[in-house]
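Enquirer: Please model the entire structure based on the sequences and the hints provided.
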Amino acid sequence: MFNKVLIANRGEIAVRIIRACRELGMQTVAVYSEADRHALHVRYSDEAYLLGPAPSRESYLRADKIIEIAKRSHSGAIHPGYGFLAERADFAQACLDEGLGFIGPKPSSIAAMGDKAVARSTVAGSGVPVVPGTEGEGSLSDDDLLKVAPEIGFPLLIKATAGGGGKGMREVRSLEEMPALLNSARREAEASFGDGNVYLEKLLEGARHIEIQILADTQGNVIHLGERECSLQRRHQKLLEESPSPFVGDDQELRERMGSVAVRAAQAVDYINAGTIEFLVDKDKNFYFLEMNTRLQVEHPITEAVTNVDIVKEQIRIARGRQMRHTQEEIRLTGWAIECRVNAEDPYNNFLPSTGRIDHLILPTGPGVRVDTGVYPGFEISPYYDSLISKLIVRGETRGEAILRMRRALEEYKIVGVRTNIPFHQHLMDSHRFMAGQYDTRFVEERFSMEAPEDESETLPEIAAILATLVAHNEAQRAAQIIQRGERDVSNWKWVGRWERIHR
Amino acid sequence: MKYVATIGDNEYTIEIVDERHIILDGETYEVDFESVSGQPVHSLLVDSKSYEAYVYPEDQGWQVLLHGNLYLIDVEDERERRLRASLGGGPAEKGEYLLRAPMPGLVVSVPVSEGEAISKGDVLVILESMKMQNELKSPRDGTVERVRVKPGDSVEQKETLLSVA
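Protein sequence lines correspond, in order, to chains A and B. Residues in the first sequence are numbered from 1 upward in steps of one, following my numbering. Residues in the second sequence are numbered from 1001 upward in steps of one, following my numbering.
One thing to keep in mind: the hints can contain errors.
To be verified - Computed, partial: chain A to chain B, Cβ under 10 Å:
1. Asp250
2. Leu470
3. Ala479
Unchecked claim - Non-contacting residues of chain A with respect to chain B, defined by C-beta distances greater than 10 Å in every case (computed):
4. Tyr384
5. Gln438
6. Leu460
Claimed, not checked - A few chain A residues that don't get close to chain B, going by computed Cβ distances all over 10 Å:
7. Asn3
8. Lys4
9. Ala63
10. Asp143
11. Gln252
12. Leu254
13. Arg257
14. Asp284
15. Gly378
16. Ser387
17. Gly396
18. Pro461
If you're looking for bench data, these hints aren't it; they were derived computationally from the structure. All of these numbers come straight from a predicted model, not from anything done at the bench. Built from N, CA and C at the ideal position, the CB exists for glycine as well.
Expert: Shown next as structure tokens:
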């Protein structure tokens, strides 16, 4: 049984895992790239080892080096987090071969679910409904895919077989545009996962993306922790999640049905540890298996908030061969949780990534607020990794309270140095459709706008005008007043005053 | 000092009377304005109502992010404005547009070539950064003048990628 865990990841999730280990009294080992020497996970861990240069390929994807460090540091197990090596069966196998625990499922389960095409045919075989596509055909060439596409029908999706997080995913509207899209999808998949294989899936329109968290221990217990609503996406990247789903709502019967199908899908691959079954749900409440994520999810905290189960700690307990702390009967969803993913992206500029140094940071606090992050003032957001800065999670007694609390927390949250998508979330919180829970996976792209709402307070533009004028005025004064270089410790207002007196 | 702040079609005439008072469209307000520890986050009290906003300088004017809304604001000294008006003509709309890399990254493709006529919204360069492929689009119609990068190039932030005339 291990007492020291190597965390093969970076950013907020590495910090999250370190926290769980700490609370369990376990030693932690961080690994980092040259770009991450100052990262929080390096600072919070008991030991830290350099992996290599900044690009993931030369650092966080270096399975050989990570295993070597695990052995050198006498770590007993590796937690892969999400992304990077989390869903690589060969990595999980290599850990086991070296006598290291892998905090996640068995390599065979990762392989079965990891090849999304194989996964679809496996669960379909156990009676779980799937979205039509090229399941169970293994890796197809571009020619084969182009041949099969018209049979599935357009619109359809190209997805990376090793995929997740919308990477290597493309939406295809016609056969003509498909070759170019295949090309870019493969390129992105290759860059993100080191595997350029793709498959096709019919695009269900007006559907919701709802997933079920499951936990399975080595004693044969499999439970589900209810659902998460993940329909708010942009370019297939989740932006906001909530639990429970406003669509499932009071329909306990649907929740139980989805839960038991999820448990069945997990059992179909002999699953151990935490995993998530993603479903597409149409407006008539028919649900289809989309894929299984054989790892900890970014949005796991909302499930933690409504179930009071610490999923990461359960993962570690399960990996140590212990029994889960809870039975299905003990799991109750209470209250409502919402997570906003705060990304270094400018919502006013086509969500372009923003890089730079975080100069200043004020985190929201107070009742019912949780922030999972890996950054702090002075930290550099580099272009090498994904743009997630932090996750803002709130819990309320009701959905209404959660929304109002999220609104309050977003307004408190100040990040200076890079542009973030916080204004996007603020607009979302004010959107009537969001408030009513009426949205599907196309909502953000098709029906949402960053334009100021019609019913906004009429004085806001005036206040903005005053602010801009005062800043412009101070700048102009400063430019006119600088005679000697260097810092002035006098307030700008004093300078303005003096300037005014001189010119009176 | 008198300024005219423009947001879209709306103009606000703002006179800075002294360090505690301004006149906005004829009405006097008491203001208290502070920058939060030298950062672009500003705290403003207007007749004791408290506001907090980000104010960013832009090539032309200012961006103010207030309560999750972004305002693009042009601030002009009233005298400058009168001078410009008497000379006739607004700020130059034409001229060369330089597409600069909004972040460091890798050029994936350049779907346009020199001399090509393009319209607003056309994709000029696809840049990969933070694991995402980002389409950089043209803000206006024009002709691609000079392409300075090719697929495979690594570019720094603010590096000029191509120019549109």
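Enquirer: Does each hint hold? Answer for all of them.
Expert: Hints, one by one, checked against the model:
1. Asp250: Not OK, violated: Asp250 of chain A not within 10 Å of chain B, min 31 Å.
2. Leu470: Result: holds, 5 Å to nearest chain B Cβ.
3. Ala479: Since chain B brings no Cβ nearer than about 12 Å to Ala479 of chain A, farther than 10 Å, the hint is violated.
4. Tyr384: Per Cβ check, Tyr384 of chain A is inside 10 Å of chain B; nearest 8 Å; violated.
5. Gln438: Holds: least Cβ distance 21 Å, greater than 10 Å.
6. Leu460: violated (6 Å)
7. Asn3: Its Cβ never comes within 10 Å of chain B, the nearest being 34 Å, so this holds.
8. Lys4: holds (30 Å)
9. Ala63: holds (19 Å)
10. Asp143: holds (23 Å)
11. Gln252: holds (36 Å)
12. Leu254: holds (34 Å)
13. Arg257: holds (36 Å)
14. Asp284: For Asp284 of chain A, whose nearest Cβ neighbour in chain B is about 34 Å away, the distance exceeds 10 Å, so it holds.
15. Gly378: holds (13 Å)
16. Ser387: violated (4 Å)
17. Gly396: Given a closest Cβ separation of 20 Å, the condition holds.
18. Pro461: violated (5 Å)
When each numbered hint is compared with the structure, violations occur for hints 1, 3, 4, 6, 16, 18.
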